[in-house]
Amino acid sequence: MSTSTLAEEHVKPVVRWGIGHALPRAVLRLAARRGDLQGRITVEASTGADLTGLFDEIRARGPLAATKVGHTTTRHAIVRDVLADDAFVTTRPRFGAGILGKLAAWSASEVTHPVQPPSLLVVEPPAHTRYRKLVTRVFTARAVEQLRERTQAIADELLDGLDPASPVDLIETYCGLLPVTVISEILGVPPQERATVLALGAAAAPSLDLGLSWRVFRNVESTLNTFDAWLTRHLDALRANPGDNLLSRLIAAREDGDGLTERELKATAGLVLAAGFETTVNLLGNGIALLTQHPDQLATLRARPELWSNAVDEILRFDPPVLLTGRMCSRDTTIAGNPVRRGQLVTTVLAGANRDPEVFEQPSAFDITRQNARDHVSFGAGRHYCLGAQLARMEGEIGLRTVFERFPGLRLLTGARRRPTRILRGFERLPASLG
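If you're matching positions, the sequence shown starts at 324 in my numbering and goes up one per residue.
Just so you know, the hints here were simulated from the structure itself, not pulled from any lab data.
Check before you lean on any hint, since a few could be wrong.
What the hints assert, rightly or not - Ranges of calculated distance between the beta carbons of each label pair, as one might list FRET restraints:
{"hint": "1", "residue 1": "383", "residue 2": "514", "range": "47 to 57 angstroms"}
{"hint": "2", "residue 1": "515", "residue 2": "548", "range": "20 to 30 angstroms"}
{"hint": "3", "residue 1": "664", "residue 2": "483", "range": "26 to 36 angstroms"}
{"hint": "4", "residue 1": "480", "residue 2": "376", "range": "38 to 48 angstroms"}
{"hint": "5", "residue 1": "516", "residue 2": "391", "range": "23 to 33 angstroms"}
{"hint": "6", "residue 1": "705", "residue 2": "480", "range": "33 to 43 angstroms"}
{"hint": "7", "residue 1": "662", "residue 2": "552", "range": "46 to 56 angstroms"}
Glycine residues also receive a C-beta, built at the ideal position from the N, C-alpha and C atoms.
Could you put together the complete structure from these sequences and hints?
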C-alpha cells in the first residue's frame with residue numbers, strides 16, 4: 324500500500340467523524356446556548372434530564388415550532404402527518420456541492436451501515452416499497468408468534484444464571500442479552516457464534532445515534548467492518564444450508580422474481596441487529612425502572628396479568644427508546660397551515676407527541692391501565708413504521724413479566740445511569756438486588 328493510500332485510510336475516518344458527528348454536535352450545542360429548541364432538545368437529551376417541560380414549551384409554539392434548521396413539533400397529530408406525508412423523506416445530514424459535500428463524498432465508507440442506503444431506515448419509494456414488501460413477508464405476526472416460546476425459554480435461561488443473593492447490573496446480565504439472543508435466532512446464527520453476535524450487537528447499536536465521540540465512532544466503524552466480513556461468510560453458509568430462520572427466508576424471498584441483493588441482505592441484517600438490540604434493551608431497562616418506581620402499577624399487574632401487553636405500550640409511551648426522528652422536506656408544502664420549504668428539516672419528537680394532552684389524559688401519569696396507551700408513536704408512523712414493532716412488544720412483554728415473576732423482591736440500587744446518547748433513550752447501567 325502506498326504512503327498516500329495509507330494516509331487516506333487514516334484521514335478518511337477522521338473526516339467522516341468530523342462531518343457526521345463532531346460538526347453537528349458543535350452546531351447543536353451552539354444553537355442550544357442561544358435558546359434554539361432543536362439545539363436544546365438534542366443537547367439536553369444527552370444528559371438524561373426530564374424533558375417534559377421542553378416538550379410543553381415546543382407544543383406551546385404551535386403545530387410547527389421554528390428552529391435554526393427548520394421546524395420541530397411535539398403535537399401528536401402533526402408528528403403522524405409529517406411521518407405519513409410523501410413530501411417528507413428520511414435523511415442524514417447533507418452538505419451540498421461545497422467543500423463539506425466534497426469531503427463527505429471523498430471520505431464515504433463502502434461498509435454496510437444501518438443508517439445508510441440501502442437500509443430500510445433511509446431508502447424511499449420506489450426502492451423502499453419493493454424492499455419493504457420482501458422484508459415484511461418474513462416479519463409477519465405469525466413469524467413473530469413462532470418466536471414467542473423460544474423467547475420465553477431464553478428469558479428463563481438468562482434468569483436461571485443469576486444468583487439471587489448477589490447484586491447485578493440488569494442491563495449487562497439480562498436486558499441486553501435477551502434481545503441479542505433472540506436476534507441471533509432470527510439471523511440463524513449457530514450457537515458457537517452467538518458470543519460474536521452478542522458483542523457485535525452491543526458495539527454496533529450506537530451507529531443509530533448522532534454526535535458520537537471519536538472513541539465510540541471508531542469502535543462502531545471497527546464493529547461494522549467485522550460484522551460485514553462475518554455476514555459475508557454467514558450468508559454463504561445459509562445459502563448452502565438454509566435453516567428455519569427469518570434470514571434464510573429473506574434470502575429465498577422473491578417478489579415478481581426479484582429478490583434482495585447481497586448489499587440489501589447485509590443492510591437488513593445490520594439493521595435488525597442494531598435496531599433490534601438497542602430499542603429492545605432500552606424498552607426492557609426503562610420498563611424495569613418505571614415498574615420499580617411505581618409499585619402500585621406493579622401490584623396491579625400482579626393482580627391482573629392480562630394487562631402486561633398494555634403495560635408494555637404504556638412504557639413505550641411514557642419513556643420511549645427513541646426520542647425523535649427527522650424528515651427533510653422534498654418539495655414546498657404546508658403542514659397545518661404552516662408553509663415548509665424544500666430542503667428544510669422537520670424534527671418530529673416522538674417522546675413529546677406521546678405526552679400530548681390532546682390525545683392522552685394526564686399524559687405525565689404512568690398508568691398501565693390507560694385505554695389508549697397503544698396510540699403512542701414510539702414506533703413511528705407511515706411507510707417507515709418500525710418493522711420490528713410486534714417483535715419488540717412480544718420481547719418486552721415476556722422479558723418484563725418473567726423477571727418480575729421470578730424475582731418479586733427485585734429493587735433498584737444506587738448507581739443507575741442513563742445513556743449519554745441524543746436520539747436513543749435508555750439505561751447504560753441498572754444495578755439491582757434480586758432478593
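Tested hints:
1. At roughly 54 angstroms, the beta carbons of residue 383 and residue 514 sit within the given window of 47 to 57 angstroms.
2. Checking the proposed 20 to 30 angstroms range against residue 515 and residue 548 shows it holds: the Cβ atoms sit about 22 angstroms from each other.
3. At about 57 angstroms, the beta-carbon gap between residue 664 and residue 483 misses the expected band of 26 to 36 angstroms.
4. In this structure the supplied range 38 to 48 angstroms holds for residue 480 paired with residue 376, their Cβ-Cβ distance being about 42 angstroms.
5. The hinted window of 23 to 33 angstroms between residue 516 and residue 391 is violated, with their beta carbons roughly 46 angstroms apart.
6. Take residue 705 and residue 480: their Cβ atoms lie about 38 angstroms apart, and the range 33 to 43 angstroms holds.
7. Judged by the Cβ atoms, the range 46 to 56 angstroms given for residue 662 and residue 552 holds: they are separated by roughly 48 angstroms.
Going down the numbered hints, you'll see the structure goes against 3 and 5, while the others check out.
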